[in-house]
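Engineer: One line per chain: the protein sequences are X and R, in this order. Position 21 of the first sequence, counting from 1, maps to 354 under our numbering, and the rest follow consecutively. Position 221 of the second sequence, counting from 1, maps to 312 under our numbering, and the rest follow consecutively.
Simulated from the structure, these hints should not be mistaken for lab results. We put the beta carbon where it would ideally sit given N, CA and C, even for glycine. Certain hints may be false.
Pairwise CB distance ranges, derived in the manner of DEER restraints [what the hints assert, rightly or not]: (1) R:I104 x X:W386: 23 to 29 Å; (2) R:G496 x X:Q421: 48 to 54 Å; (3) R:A278 x X:F397: 49 to 55 Å; (4) X:Q430 x R:G496: 53 to 59 Å; (5) R:S267 x X:W386: 21 to 27 Å.
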Amino acid sequence: MVQTEMYVMLAVVLFVLGTMGVLLRRNAILVFMSVELMLNAANLALVAFARQWNNIDGQMFVFFVITVAAAEVAVGLALIVAIFRSKQSIDIDDLHQMEG
Amino acid sequence: MTELWLFIIVGAIAVFAAVMMLLSENAVYSALFLIVTMGCIAFLFLLLDAPFLAMIQITVYAGAIMVLFIFVIMLLGAERLGAHKARFGWLTPAAVILSLILLLGAGIAVATGGVDLQAPPDDAPLLRVVNAASDVGPVDVFVDETVVASGLAFDEASAFIPVLAGEHTITFNPTSGDQFSGTFSFAPDTAQTLVAFGSGGNVTLGVIPSDLGTPEARSARVTFFNAYPNLETVDLYDLGANGQVDTDTQGGITDRLLFSFGPGDVSEPLAVEEGTYAWAFLTPNGDILRRVVSDEFGRNYEVERERAELIVLAAQRSPIDDSLNPSVAAFVDEAEPAFGGPEAIGRDLFTRFLLPFELVSLLLLAAMVGAIVLTHKQEAPARDRSQLRRRVSRPLASVIASQVGHDVMQPENDIPALPPADSRAPAGD
Chain X
334 MVQTEMYVML AVVLFVLGTM GVLLRRNAIL VFMSVELMLN AANLALVAFA
384 RQWNNIDGQM FVFFVITVAA AEVAVGLALI VAIFRSKQSI DIDDLHQMEG
Chain R
92 MTELWLFIIV GAIAVFAAVM MLLSENAVYS ALFLIVTMGC IAFLFLLLDA
142 PFLAMIQITV YAGAIMVLFI FVIMLLGAER LGAHKARFGW LTPAAVILSL
192 ILLLGAGIAV ATGGVDLQAP PDDAPLLRVV NAASDVGPVD VFVDETVVAS
242 GLAFDEASAF IPVLAGEHTI TFNPTSGDQF SGTFSFAPDT AQTLVAFGSG
292 GNVTLGVIPS DLGTPEARSA RVTFFNAYPN LETVDLYDLG ANGQVDTDTQ
342 GGITDRLLFS FGPGDVSEPL AVEEGTYAWA FLTPNGDILR RVVSDEFGRN
392 YEVERERAEL IVLAAQRSPI DDSLNPSVAA FVDEAEPAFG GPEAIGRDLF
442 TRFLLPFELV SLLLLAAMVG AIVLTHKQEA PARDRSQLRR RVSRPLASVI
492 ASQVGHDVMQ PENDIPALPP ADSRAPAGD
């Protein structure tokens, strides 16, 4: 059985990669995909801890995280489409005005 | 060891794909690399005893969500951004340094936290008591000094009761006759059934280890216990449709389940597929002692899937002629669903997590409506445009009519060309 610690380490690495994506990439869709990667890393840690403690609650949380992520993606991509329509760009450096 | 290598290989692929997602210039490639990472995480879920979540990960994440991403990338034609310089030149090194600090901090926290040093708490041992003694009447059962069952009649069982791990003295206190007791040890994460059996003043306690885990697919786990004191041994046969003991061509008996089954013996747990069975206990010389039936009409015994069953052959004192007759009692428990399987998740979703489940459904509904509202294209209503045309065209037509001397408006083509669209575009578009 692989130790829980190793799974959590892998989750940490994936989470940091997701953070770097959010900070470095200028394409709004890529920023969004990096957020999904961070959510996945957190899910991996939750499932690893659920096995460690032999408790199904961790897996229930992952179930809800996946569901909420689906809702978030639907709204977020709709926002990106709306921004693209008004700005003709989804470069986050171009989106520095609060007015429409 | 295989599992470790699988973990290392799949984890390396996941990290590699995540790095490639970061570095790809083309957003479509990034999305495809993210799908690879999600597939690897689904595989790790399988290694972590979460088969249901692994399937959800593939269908919802790698399927639905990533299709949505790729669809939007293609729709907007946003796979490549212009290569103009970022506005803040210092942002890239700052982001890399901050991320490395985060990696270092979280890594140190995990490495020094000692996650694996803490063992999970053990489940309390479970105890069930069965009264199969013919002559003692209802009994009260004590674990040490505590009552766990009272008025337990013949062929009745208590529920599974959690007890503290360690040794306990179990005392059966019948309404008539002397009490009898025994000391048994209980280990964590186990379940045991204690059967009191025997006739007259000669009562024995038998221990049956009970396994409530998931049986094989579409089957039940059936354990037999012989609490019939009158015979040296009994045999158990599956009589089948013809109701007889079958023999093969060499004269061997083909349908015997248990042989030379003495009083107090416990059978191995048998994996029995769901269905109906004509089981019968036979005496050593081949007479049917007692059939195993599912109701008082004598129907064949019915086995349902995912059950843990205990079938006890006991001797019952007849109230009419005071003779001892064989009787069969079946104690059926639902097996615990497998950890991380759809049944375990579904059971929790509809019991403890019902309110969050409903709230998340509402959230999904709201997100759907929100996505429709956000992407809805706001066009000028058609009626306004026709009024716009009319307002412009009527004076113009009358001016032309006054110059050419007759009416230019024909019923067929009453809409002259519009002025250029860009000068008339509504504000804010």
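Engineer: Against each hint, give a clear statement of whether it holds in the structure.
Structural biologist: Checked hints:
{"no.": "1", "hint": "R:I104 x X:W386: 23 to 29 Å", "result": "holds (28 Å)"}
{"no.": "2", "hint": "R:G496 x X:Q421: 48 to 54 Å", "result": "holds (50 Å)"}
{"no.": "3", "hint": "R:A278 x X:F397: 49 to 55 Å", "result": "violated (35 Å)"}
{"no.": "4", "hint": "X:Q430 x R:G496: 53 to 59 Å", "result": "holds (56 Å)"}
{"no.": "5", "hint": "R:S267 x X:W386: 21 to 27 Å", "result": "violated (49 Å)"}
Hints 3, 5, counting from the list given before, are not met by this structure.
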